[in-house]
Each structure stands twice: as structure tokens, then as C-alpha cells.
Amino acid sequence: MQDYLVLTASVITSGLLIGTIYAVVAAGLSLIHGTILMPQASNGQIFLGSGLLLWLFTTQLGWPLWTAIPAVLLATIALIFILESIIFSRFYQNADRSITYLVLTLGLAQIFSGLYSGTFGKISDTFSVDPPVRGLAFLEPTPLPNARLLAFAAAAAVLCALIAFLRFHRVGRSLRAVFQNREVARLRGINTVSVYRLALGLGTAVSSVGGILYAFAFTIDLTVGWTMTLITFAIMIVGGPGSVLGALCIGLIFGFTQAIVSVFADPTIATFAYLLAMLIMLFIRPNGLFTR
Amino acid sequence: MKDLHALLILSFPVLGLFAGDHGLVTFIVGLVFINMLLASGLNLLYGFSGLIPFTFAGIAGISAYICANLVIRAGWAFWFALPIGCIAAAVVGLLLSFPAIRLRGFYFALSGLVIQSALTIAFVYFPAYTNGDTGITSIPKPVVAGMPVASPWFELLIGAAAAIGAGGVALLMRSRIGSTLIAIREDEDLCRALGIAVTANRCLAFFLASLMAGLGGAIYAHFVGFISPRGFDVLVSLNLWLMVAVGGRGTVTGPLLGALILTPLPYVFQQYSWLKDVIYGAAIIAVVIFLPGGLQSITFRKSA
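As given, the protein sequences belong to chains A and B, one line each in that order. Residue numbers for the first sequence follow the numbering used here, beginning at 1 and rising by one. Residue numbers for the second sequence follow the numbering used here, beginning at 1001 and rising by one.
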């Protein structure tokens, strides 16, 4: 009986944690695709890069966290705006730009993964960051590292802040207006190109935060970028591009699926399930569950 | 005139075989021919039918694994295992063309990405037949008259296969099927309205292209002697796409030219294997931004 309780508790906690981190990264991806129609295939590499940079700044250079975290965010946002000005902005006016962006960002992802294996890959295979808090919390039957609890709380806070921003702030509302109808938004005096830039910066920052939190909770290796790209694409397609709520719900479902499957079998089966869910969704409702 | 160009590009790697006793050069020549074959097959879909098949490397992988298993485990001769592998790949390719019936453009490419990833995971996940991440090693060379085919002849044989593949695509595109495929690429709705069987023609293109993928994959397994899931992952599909795009999509010479230029690149920087990904990635971005028509659109503009 006690064993069951421990198992259930550990499935719930690990499902919640991995699910919210998936949801954070997927929300960033979904914001970008929902607004710009840009399926950012290198978003997973940005996520991985944030974790790697955090590792570099804290463990190698010995920076304190309160400088390292802003530095990571600043670096990824600066990078995405440089890419925006030299590559992405050229295609804002093309009607069928999604496919162009998919190929372009796959190319970018290949560049990033080559760079990571040429630099970080030479130093180590796995990277673990010292979390800001140590020790274990005992949530009744099961022990839980404080670092994971913190990562979960921070991820949930980021998601809530994002949903509130999109719902209540004037700028967030203009973002949602562009998701819903580009033409009408433009006619109502919304500058679509600056909304595109905002969505790109915000989405990248959110995914980058996901990478930082992931680095606190787990050990990273260089393959996690591609895995995260696949999983977040699946979450985005099933939840609906542009919908943060969709990313949250589907992210949690995927996280729990992974936690439950890991108890009985190889977690790879969970990946098959995500990919199948995405394929089915592409067939029956390519706009996703949470968009009108 | 264009056929002359194609022949010239096809015969260029043969020069490498005269480089003397240099194992690496002949190895690269063989790889160039294999990539020419694969890229020509991909071009049949991407260039002439307007669909980006990110599943291509996975389909080649299916044939490679089937062929290697039949030869190593069942003790078949390569020449009997090859057609089985090709036909299996073609049938899987036909099944995977199913998304093309409903999905277009971006969503089709995305579904291909999903299927390709699932195939790569499947290659890792069924180690009984694929030996997982480690891959299958020491796959024997094909045997002719009791002897394994020796170095220059095997490369020439692959070259002949590439020539037949490219020639087959060229003949197909001159036939009625070719013009139908191009018509479908240009305006699908109009073709439907004219009574052209859009789905059947697309499925045919998929079947033939997958057959070429299967041929390339099986030859790759027995030429290199080693296959692993990494050899058939999404980046390989992407880079075959790049070869077609660099050369010029929708032309017979384009994929040949692309394979000729891009295949040797990683071996120039052999000590820095990670540079290959950076160069290929940068090439993808450069082609999409600056050269959507491929090299073909510059070099052969006058004769076009």
C-alpha cells in the first residue's frame, strides 16, 4: 500500500514538473508560430543553448545566479533579434512563409547543433548546474529535491504571467488580435511587424527561461535540443498554435504520459505516442484543440 | 545540351577513381554516386511534384536495414536482397504518401518531419534487427562470380545505378506522367477540375521516388559496410533536400550537381566533424535567401 502511494506521488510530482517545463517551452514556440506563422524549428536549440550558457556562466566562470540568468536571457534575445534582422524579416510579406521558415530554421538548428558539439561537446557529455536551493522537501510520502520544486513553481509562475499578459495588457491583447485575424488587426491600426518582433522576442525569452529551469531540475546533454523541438512541436500542433492555454494543458498531459509510461516501460514509447497524437491532429484538425 | 551537362557531371567523379591508390578518394566517389541517386529520387518529389519529403532518409534506411539483415542473418545474396529491400521501401513510401492526400505545403512537410523522427526512433528502439544506436557493422560487399566486388568496379557499378536513376527520372519527366506531375505542382485545383487523377499520380511519384531511395539505401549499407540510425535521421533528409536545392530543383542536372559539390565537403574538414553541420546549415540558409532556383539558375541560364 505504502509502495503504491510513493509511486503515485512520484508520478504526480515528476509529471507536473516535466509537464510545466514542456508547457513553458511550447508556449514560446506557440507564440512565435501563432503570430508570425514561423514554425521555429531551432527553438529547441535555443532552449538547449540557454541551459548550456547558464552552465558556462555559473560553473565555469563562477558568476552568481543573479548576473548569470539575465546574461543568458540577454544573449538569447540579442541572438534572435540579430537573426530576425538578417534572415527572418525578409519573408514577413510572403503568403506561404511557413514552409520557408521551417526549412530556414531547420538549417539554423543544424548550425546550432554543430556549434554545440564543436564547443561544449569537446568539454563534456553531460552538464549539470548547481541549483540555487539544495536539500529535499518531504511532500508526505515521497522526497522531492527543493531545486525541482523551485523549477516547477517558477515555470508555473511564468505561464500564469504570460496568460495574464496576453489577456489583460494592451500590448498582449494586440498580440492576440494578430493571432485571430491579421488583416483586421492591421486595419485597426496595429503595426503587425512590431507585433511580430515582440512575439519573437517574448517567445524566445520564455523558451530560454524554460531552458534555465530545465538545467536547474535535470542534467542536460546535447541531444535534448532535438527532443525538445519534437515534443514542443507536437504540443503546439495538438494544443493549437498561438494558444498558451493549449500549450499548458497539452504540456501537462504529455508530461503525465511520460511520467506514467516511465514507470512501466521505456520512455521512448511516450515519444511515439506524442508523434502519433501530432500526426492524427494534423489530419483531423490542423488548427489544434484550443483555437477557434 | 542539358543531357550533355548531366553526363558531364555524372562522369566527373570517375576521374577520382584514377587518383591512384587512395582509399579515401574512391570512398568519396562512391558516396557521391549514392547521393546523386538519392537526390535524383528526392527531386522527383520535391522538384517535380512540389512536396518536401522529409521522410526520404527514413525510407532509404528501411531498405538498408532489410537488405543488411537478409544478407547477414538469412545468408541471402546481395542481388536477391536488393530488390526485396527496394520494394519494401517503395511500399512503405507509398503508405507514407497517405498524408499527401490531405495535407499541403507546410503541413505536409511537418507530417514528414514527424514520420521521419518516428522512423529514427524505431531504428533505435528495435535493436533485435537494427542493433540500436551502435548500428550494424561489417556488412559484406556484394559478391560476383564468387568474389566480392573490388574497389574501382563497385564505385563504377554505383555510378551506373546513379546514371540509370537520373536517366529514368529524365525519361519519366518527358513522358505524359511527367507533364501531369508538373501540371499538378503548378495548379492542383485546375488539374482536378480537368479530370486528372491527382492522388493517383502523386502516389505513383511517391512509389517511384521511394524505390530510388530504397536502392540508394541498400547500396549505401553494402558500400560503407556500416549503418546506424544516425545515418538515416532527419538531418540526412534535410541535407539531401539541400543537394537538390543547391543544384536546382525540378531539373535533371541539379541534384547531380548538388551531390557532386556537397558530398565531399565533410571530408575536407575531417578533423572538425562538427563543421559539417555548420556548413550545411549555412548553405541551407544561403540557398533559401539568395538562390531559390539553385546553381542551375545561374550557370545554365542561357541554354534554358
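Derived from the structure by calculation, the hints contain no laboratory data. Model, not experiment: these values are computed from the prediction. Among the hints, a few may not be true.
[Said to hold, decoys possible] Listed below are several chain B residues computed to face chain A (Cβ distance under 8 angstroms; list not exhaustive):
| id | residue |
| --- | --- |
| 1 | Val1114 |
| 2 | Arg1174 |
| 3 | Leu1275 |
| 4 | Tyr1280 |
[As the list claims (entries may be wrong)] Chain A is faced by these chain B residues, among others (derived, beta-carbon under 10 angstroms):
| id | residue |
| --- | --- |
| 5 | Phe1106 |
| 6 | Val1124 |
| 7 | Ala1128 |
| 8 | Met1173 |
| 9 | Ile1177 |
[What the hints assert, rightly or not] Some chain B residues flagged as far from chain A (calculated, every beta-carbon gap over 10 angstroms):
| id | residue |
| --- | --- |
| 10 | Pro1099 |
| 11 | Ala1109 |
| 12 | Ile1121 |
| 13 | Leu1235 |
| 14 | Leu1291 |
Quick reminder that beta carbons are idealized off the backbone N, C-alpha and C, glycines included.
So, going through the hints one by one against the coordinates:
1. Val1114: 5 angstroms, holds
2. Arg1174: 28 angstroms, violated
3. Leu1275: Interface hint status for leucine 1275 of chain B: holds (7 angstroms vs cutoff 8 angstroms).
4. Tyr1280: 6 angstroms, holds
5. Phe1106: 4 angstroms, holds
6. Val1124: 7 angstroms, holds
7. Ala1128: 14 angstroms, violated
8. Met1173: At 23 angstroms from the nearest chain A Cβ, methionine 1173 of chain B fails the 10 angstroms test, so the hint is violated.
9. Ile1177: Violated. Min distance 25 angstroms.
10. Pro1099: 7 angstroms, violated
11. Ala1109: The claim breaks: alanine 1109 of chain B does not keep its Cβ more than 10 angstroms from every Cβ of chain A (closest is about 6 angstroms).
12. Ile1121: 6 angstroms, violated
13. Leu1235: Leucine 1235 of chain B not clear of chain A: closest Cβ-Cβ about 6 angstroms, inside 10 angstroms.
14. Leu1291: 13 angstroms, holds
Going down the numbered hints, you'll see the structure goes against 2, 7, 8, 9, 10, 11, 12 and 13, while the others check out.
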